[in-house]
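Chains as they are written, first to last, in the numbering used here: chain S, 1 to 586; chain H, 1 to 586.
Simulated from the structure, these hints should not be mistaken for lab results.
Note that this is a predicted model, so its numbers are computed, not measured.
The reader is advised that the hints may include incorrect statements.
Since copy identity is lost for identical chains, a pair holds within one copy or between any two.
Stated by the list, open to error - Below, in silico cross-link-like pairs of lysine to aspartate or glutamate (DMTMM-like), each with a Cα-Cα straight-line distance of 20 Å or less:
(1) 332 <-> 583
(2) 449 <-> 32
(3) 70 <-> 205
(4) 449 <-> 496
(5) 266 <-> 241
(6) 146 <-> 157
(7) 146 <-> 135
(8) 449 <-> 3
(9) 5 <-> 583
(10) 315 <-> 583
(11) 5 <-> 501
(12) 315 <-> 172
(13) 223 <-> 241
(14) 332 <-> 501
(15) 223 <-> 168
(16) 23 <-> 241
(17) 177 <-> 496
(18) 70 <-> 44
There are 2 protein chains.
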Amino acid sequence: MSDYKHPYRDALFVLNELVDFDKLCAEHGFADANLELVSAIFDEAGKLGSEVLAPLNRVGDTQGVSLTEKGVQETAGFAEAYHQFQESGWPSLTAPEAFGGQNLPNVVGTAVNEIWHSANLSFALCPMLTQGAIESILHHGSDALKEAYLSRLVSGEWTGTMNLTEPDAGSDLAAVKTRAVPNGDHYLITGQKIFITWGDHQMTDNIIHLVLARLPDAPFGVKGISLFIVPKFLPDGSRNDAQCVSLEHKLGIHGSPTCVMSFGDKGGAIGYLVGEAHKGLAYMFTMMNHARQGVGLQGLSIAERSYQQALQYAKDRLQGTNKDGSRYPIIKFPDIRRMLMVMKSATEAMRALALVSAAEIDRAHGSEGEAAQTHQNRVELLTPIVKGWLTELAQEITYLGTQIHGGMGFIEETGSAQHYRDARILTIYEGTTGIQALDLVGRKTLVNKGEHLASLLEEIGQTLSALEASGQFPVQAKALRASLADGQAARQLLLDKSAEDAALAGSISVNYMMLFGYLCGGWLMSQAALKAQALLEANSGDPAFLNAKLTTSRFYAEHLLTRTGSLLAVIQAGSASILALPEDQF
Amino acid sequence: MSDYKHPYRDALFVLNELVDFDKLCAEHGFADANLELVSAIFDEAGKLGSEVLAPLNRVGDTQGVSLTEKGVQETAGFAEAYHQFQESGWPSLTAPEAFGGQNLPNVVGTAVNEIWHSANLSFALCPMLTQGAIESILHHGSDALKEAYLSRLVSGEWTGTMNLTEPDAGSDLAAVKTRAVPNGDHYLITGQKIFITWGDHQMTDNIIHLVLARLPDAPFGVKGISLFIVPKFLPDGSRNDAQCVSLEHKLGIHGSPTCVMSFGDKGGAIGYLVGEAHKGLAYMFTMMNHARQGVGLQGLSIAERSYQQALQYAKDRLQGTNKDGSRYPIIKFPDIRRMLMVMKSATEAMRALALVSAAEIDRAHGSEGEAAQTHQNRVELLTPIVKGWLTELAQEITYLGTQIHGGMGFIEETGSAQHYRDARILTIYEGTTGIQALDLVGRKTLVNKGEHLASLLEEIGQTLSALEASGQFPVQAKALRASLADGQAARQLLLDKSAEDAALAGSISVNYMMLFGYLCGGWLMSQAALKAQALLEANSGDPAFLNAKLTTSRFYAEHLLTRTGSLLAVIQAGSASILALPEDQF
Chain S
1 MSDYKHPYRD ALFVLNELVD FDKLCAEHGF ADANLELVSA IFDEAGKLGS
51 EVLAPLNRVG DTQGVSLTEK GVQETAGFAE AYHQFQESGW PSLTAPEAFG
101 GQNLPNVVGT AVNEIWHSAN LSFALCPMLT QGAIESILHH GSDALKEAYL
151 SRLVSGEWTG TMNLTEPDAG SDLAAVKTRA VPNGDHYLIT GQKIFITWGD
201 HQMTDNIIHL VLARLPDAPF GVKGISLFIV PKFLPDGSRN DAQCVSLEHK
251 LGIHGSPTCV MSFGDKGGAI GYLVGEAHKG LAYMFTMMNH ARQGVGLQGL
301 SIAERSYQQA LQYAKDRLQG TNKDGSRYPI IKFPDIRRML MVMKSATEAM
351 RALALVSAAE IDRAHGSEGE AAQTHQNRVE LLTPIVKGWL TELAQEITYL
401 GTQIHGGMGF IEETGSAQHY RDARILTIYE GTTGIQALDL VGRKTLVNKG
451 EHLASLLEEI GQTLSALEAS GQFPVQAKAL RASLADGQAA RQLLLDKSAE
501 DAALAGSISV NYMMLFGYLC GGWLMSQAAL KAQALLEANS GDPAFLNAKL
551 TTSRFYAEHL LTRTGSLLAV IQAGSASILA LPEDQF
Chain H
1 MSDYKHPYRD ALFVLNELVD FDKLCAEHGF ADANLELVSA IFDEAGKLGS
51 EVLAPLNRVG DTQGVSLTEK GVQETAGFAE AYHQFQESGW PSLTAPEAFG
101 GQNLPNVVGT AVNEIWHSAN LSFALCPMLT QGAIESILHH GSDALKEAYL
151 SRLVSGEWTG TMNLTEPDAG SDLAAVKTRA VPNGDHYLIT GQKIFITWGD
201 HQMTDNIIHL VLARLPDAPF GVKGISLFIV PKFLPDGSRN DAQCVSLEHK
251 LGIHGSPTCV MSFGDKGGAI GYLVGEAHKG LAYMFTMMNH ARQGVGLQGL
301 SIAERSYQQA LQYAKDRLQG TNKDGSRYPI IKFPDIRRML MVMKSATEAM
351 RALALVSAAE IDRAHGSEGE AAQTHQNRVE LLTPIVKGWL TELAQEITYL
401 GTQIHGGMGF IEETGSAQHY RDARILTIYE GTTGIQALDL VGRKTLVNKG
451 EHLASLLEEI GQTLSALEAS GQFPVQAKAL RASLADGQAA RQLLLDKSAE
501 DAALAGSISV NYMMLFGYLC GGWLMSQAAL KAQALLEANS GDPAFLNAKL
551 TTSRFYAEHL LTRTGSLLAV IQAGSASILA LPEDQF
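Next up, chain S with everything else stripped away, as it sits in the complex (with noise of 0.2 Å):
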């Protein structure tokens, strides 16, 4: 097992001089809040991850979660860590006053939420999912459901859960069954959902299913579904018809029960309706794009979870033998050491792309007019690549994590194979990588003719300007350059050939991705050389820390950056010969 230390360094470099954060807070609505509060926060949050999450995640890898006859019960120590957490206000960072919340930017709880998710993945998925739920309930509950769950699913009395994969309707939401039928003031609930994260524990009084389903009425496909709070316990005390009727058996994420969740078994659960029918999509996907966010954000916590896990390894593992007897620790190898570099810049360049994100949708959200409609346009682009990119390099970097280990990487008591296990459900749960490639392509690109991606390009080309400009960062600046040229041949040939092409998209979706994940991210750590070069002219700042910064900003042009070529070139290749294998050939 593994000790962890939130690297509250860069995060507070990237919040300070990535996302400017104390002018985000002055000009969008957050007049309280500042970087010193955010250190402050850290401090704290930084002690419960490290004393008292951390230490459970192998704990819960180890003894998993079980079915009782009272329903699941969670790994011991869980529940006194959520109430630990709980009662410490975590829960309630990010959300209005009017429910309890302290109204902190996202960005912040999403710098905190790194260190839930880094110390302990499997429990960090309970608030992840409350937080969803609250999310849906704010943005399209009526006024009598705020009220009636809310307040407590803000102060983490209760938990919430996300109920929309069937065993038939997996990516294609269009093909849900669950049945919703009128019942007085409230809906009668069938159906049966699968992978339910945290669908049942007996950590709080109440859990709060947000679920999909059909009305009798429905239309044809996703136009027809509906969204539902079915809670636990009813507001009578009595239990709801629902519960989990089994347990997954799981590569990873052993601490966190993935449940079959049977809704109506007695007759039906009870449910109220979450705005207007037939609109279940729609309000999903409030919740569905801050939780593939919060995926993303997993995809960093865990690459860095397991980078501190290798470091010390390397620092500790005498391997080498001098000529006079004496021996010296692994990460004196540059094999080693080029590993440890790639973890660790490209740890940096997801934590950039992270928290520069989140910070959009606090931009959007606190803007008015063309402004707000801007931010969001950003939000709405980079969240597939956050989700997508960052848990794609996750796996890598969880692989690498292992691969330091040499043979003690495969003995699980090691804990090293936990994160890589742990890491592998990133890039399918909260949609696919090829779905978040898919939204990427379509939604994200064609369907706004390019005209979003084209101003995140020309702020790219500001940046690599800016380097140019500088004459300090020739390798970056190349690196940057070729990337950038890349992303627009990129873009290009999508908007070119996609009307004559119907598969050209799809076939290109998840290299284009990746593309524009490297390239944001050579793009941020280029801006991250810029400031820390500031900084050190200025005599700003630790020399030592900021020095190290340049050092991973120019390892990430080199090692990571230049991977957009390759990426380019199979883009080039356009679908013939993905489809041309005829299906009896493979």
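Chain S is already provided as a structure; the job is to place chain H on it using the hints.
Here is chain H on its own, set in the frame of chain S:
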């Protein structure tokens, strides 16, 4: 759980068209062997693999192994399967007739081993290690040792193990501490070895351990290591002082016992010196080079198994909905098809390289003088590429295998996650990817001034000329031309700059190894296209199969061969940013 079926058509295609198998047999001492015989062998092996070994794959994963009073108890059903495997004569396939072997070419053994590893990786490790023990004794043991041990290892009546690693001696074998003290006609061995695959089991009457240890007068470092045979049961039937004292709890290959072996708890295990004192490491390398190609082959095997499972799921899983409400399988989606094509084309390239390399071993052994040396040079050059590149690709392919399953990929019962977990060991054991890459840049490139690599690049150039001359493969020709240039540049850079930068080779090694892996794959997939085209033009063979080969060759050129560009860019960045960060800033 998934079925497994040996892709015998592709294996026969590679043997016939890329290995020129019948010519190899005729010219290199295997007059009785030919492709027709191999085809019959594939039939039998394929049946045993599909019907007996493959169904035990998940049993091994879920039930694992246990340490009991009588030693390690293997998974239920494995002993029966082993006896069937042994009685059918599979262990003796490539061994010399003098010891009861069938004297078939190594490339046939390799092609058949693909089946065992695909069907059941954990099971197949046992005969694979035995094969390594046979090689060591055959090449380095005295006549008395050969007489005593070889025929029963060849028949499979006994199994063999390799005992190298110790807690403080992993990649750095110089640190081996196990001691061997002369005692009459034998030695007394004392020490502990870890990560000993199939170190104990109940399937056979005896187990022959090959153990690295130091004699009392041994020089410091790797030049003081000797190799010993330590049988579990001594010639007089008594139990030797060597036993498994614990089993590792691992990420994968649960059906393969990974033992901590203790030698000499009761005064010293009786061991017999193999060959000369202090030359154990060289002898072990005989075994390891064989084993390294064997582990590379495992990469192919698990990739093939993962592909077959993902393909079945992609054909079965209905998720798209037509306008009339009917549904279609996910293989219709371009991105699913892209992932399947990556898996299929990479697996074909891996098989081609594994078998072409295995055939070079036959050509080296079956030639004399300069010709033998030329083939041996090629074997040694390709070995780290086969081990390193095939096993790294296997990570990506088993990852895609789970990805195609969506949420089901994360559920253990589906079986895809097992392949992903099992594959994870392959880049670690028998020398990590980093160790293979160091071997390639050092002993295999710098030591011979790049001459062996130059000769390979020249041959690739000939294939490129043939592609260009045919005029029918502009896509493959363009990609191979670019990639060959990348390879030439990488080689030249290593040769030119290593002298002035001692850290260069170790810094670029893994990317260098991967570059040459992709290039070798592109070389052989290009040859395959030329051969398939010639057969099509001659109206020979199944046109559907041959056209499929043209498609996978093109896809490989577009999607995998193009990766060398980015790898070269990283190589050109050299060692500076890898080494720049002070240790305290990690």
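For each hint, the structure was consulted:
1. When the C-alpha separation of residue 332 and residue 583 is checked against a cutoff of 20 Å, the pair qualifies only between copies, where the shortest distance is 9 Å, while the shortest distance within a copy is 50 Å.
2. Taking the closest pair of Cα atoms, residue 449 and residue 32 never come within 20 Å of each other, the shortest separation being 40 Å inside a single copy and 67 Å across copies.
3. In the homo-oligomer, the alpha carbons of residue 70 and residue 205 lie at most 20 Å apart inside one protomer (13 Å), although the nearest pairing across protomers, at 51 Å, exceeds that limit.
4. In the homo-oligomer, the alpha carbons of residue 449 and residue 496 lie at most 20 Å apart inside one protomer (10 Å), although the nearest pairing across protomers, at 48 Å, exceeds that limit.
5. For the identical chains of this complex, residue 266 and residue 241 are intra-copy neighbours only, at 6 Å inside a copy versus 65 Å across copies, given an alpha-carbon limit of 20 Å.
6. For the homomeric pair residue 146 and residue 157, the shortest alpha-carbon distance inside one copy (15 Å) is at most 20 Å, but the shortest distance between copies (73 Å) is not.
7. When the C-alpha separation of residue 146 and residue 135 is checked against a cutoff of 20 Å, the pair qualifies only within one copy, where the shortest distance is 11 Å, while the shortest distance between copies is 74 Å.
8. In this assembly of identical chains, residue 449 and residue 3 lie within 20 Å of each other by CA distance neither inside one copy nor across copies; the values are 47 Å within and 46 Å between.
9. Proximity of residue 5 to residue 583 under the C-alpha cut-off of 20 Å is restricted to the inter-copy arrangement: shortest distance 17 Å between copies versus 50 Å within a copy.
10. For the identical chains of this complex, residue 315 and residue 583 are inter-copy neighbours only, at 9 Å across copies versus 51 Å inside a copy, given an alpha-carbon limit of 20 Å.
11. In this assembly of identical chains, the alpha carbons of residue 5 and residue 501 never lie at most 20 Å apart, being 50 Å within a copy and 36 Å across copies at closest.
12. Proximity of residue 315 and residue 172 under a CA criterion of 20 Å is satisfied inter-copy only: 16 Å between copies versus 47 Å inside one chain copy.
13. In this assembly of identical chains, residue 223 and residue 241 lie within 20 Å of each other by CA distance neither inside one copy nor across copies; the values are 26 Å within and 73 Å between.
14. Proximity of residue 332 to residue 501 under the C-alpha cut-off of 20 Å is restricted to the inter-copy arrangement: shortest distance 15 Å between copies versus 51 Å within a copy.
15. Proximity of residue 223 to residue 168 under the C-alpha cut-off of 20 Å is restricted to the intra-copy arrangement: shortest distance 17 Å within a copy versus 63 Å between copies.
16. Taking the shortest Cα distances, residue 23 and residue 241 never come within 20 Å of each other, neither inside one copy (49 Å) nor across copies (73 Å).
17. Taking the shortest Cα distances, residue 177 and residue 496 never come within 20 Å of each other, neither inside one copy (39 Å) nor across copies (66 Å).
18. Within a single copy, residue 70 and residue 44 get their C-alpha atoms no closer than 34 Å, and across copies no closer than 53 Å, so neither meets the 20 Å cut-off.
The structure is inconsistent with the numbered hints 2, 8, 11, 13, 16, 17, 18, although it conforms to all the rest.
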